[in-house]
Amino acid sequence: MSLLTKMFKIPIEEARKFEKACKILEEKSHIKTKELSLSEAIEELGKTNETFR
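Just so we're aligned, residue 266 is where the sequence shown starts under the numbering used here, counting upward by one.
If you're looking for bench data, these hints aren't it; they were derived computationally from the structure.
There may be inaccurate statements among the hints.
Lysine to aspartate or glutamate pairs mimicking EDC-like chemistry, simulated, CA-CA at most 20 Å apart [stated by the list, open to error]:
hint : residue 1 : residue 2
1    : Lys285    : Glu308
2    : Lys271    : Glu308
3    : Lys282    : Glu308
4    : Lys274    : Glu305
5    : Lys312    : Glu291
Sequences are here, hints too, so could you generate the full structure?
Okay, here's the thing in structure tokens:
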């Protein structure tokens with residue numbers, strides 16, 4: 266989570282929401298989020314951001 270907050274200057278609340286969404290996605294699709302490329306992770310973050318607004 267610190268990577269999200271430091272590199273992308275994302276508020277801690279948003280990083281927590283993203284982390285929670287990743288865990289849900291991982292459970293539902295059996296995809297290991299750590300295997301996502303950086304661009305895929307950023308794309309997912311954008312989708313997650315829209316979901317939680």
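Going through the hints against the structure:
{"no.": "1", "hint": "Lys285 <-> Glu308", "in the structure": "holds (16 Å)"}
{"no.": "2", "hint": "Lys271 <-> Glu308", "in the structure": "holds (18 Å)"}
{"no.": "3", "hint": "Lys282 <-> Glu308", "in the structure": "holds (15 Å)"}
{"no.": "4", "hint": "Lys274 <-> Glu305", "in the structure": "holds (18 Å)"}
{"no.": "5", "hint": "Lys312 <-> Glu291", "in the structure": "holds (15 Å)"}
Every hint from the earlier list agrees with this structure, and none is contradicted.
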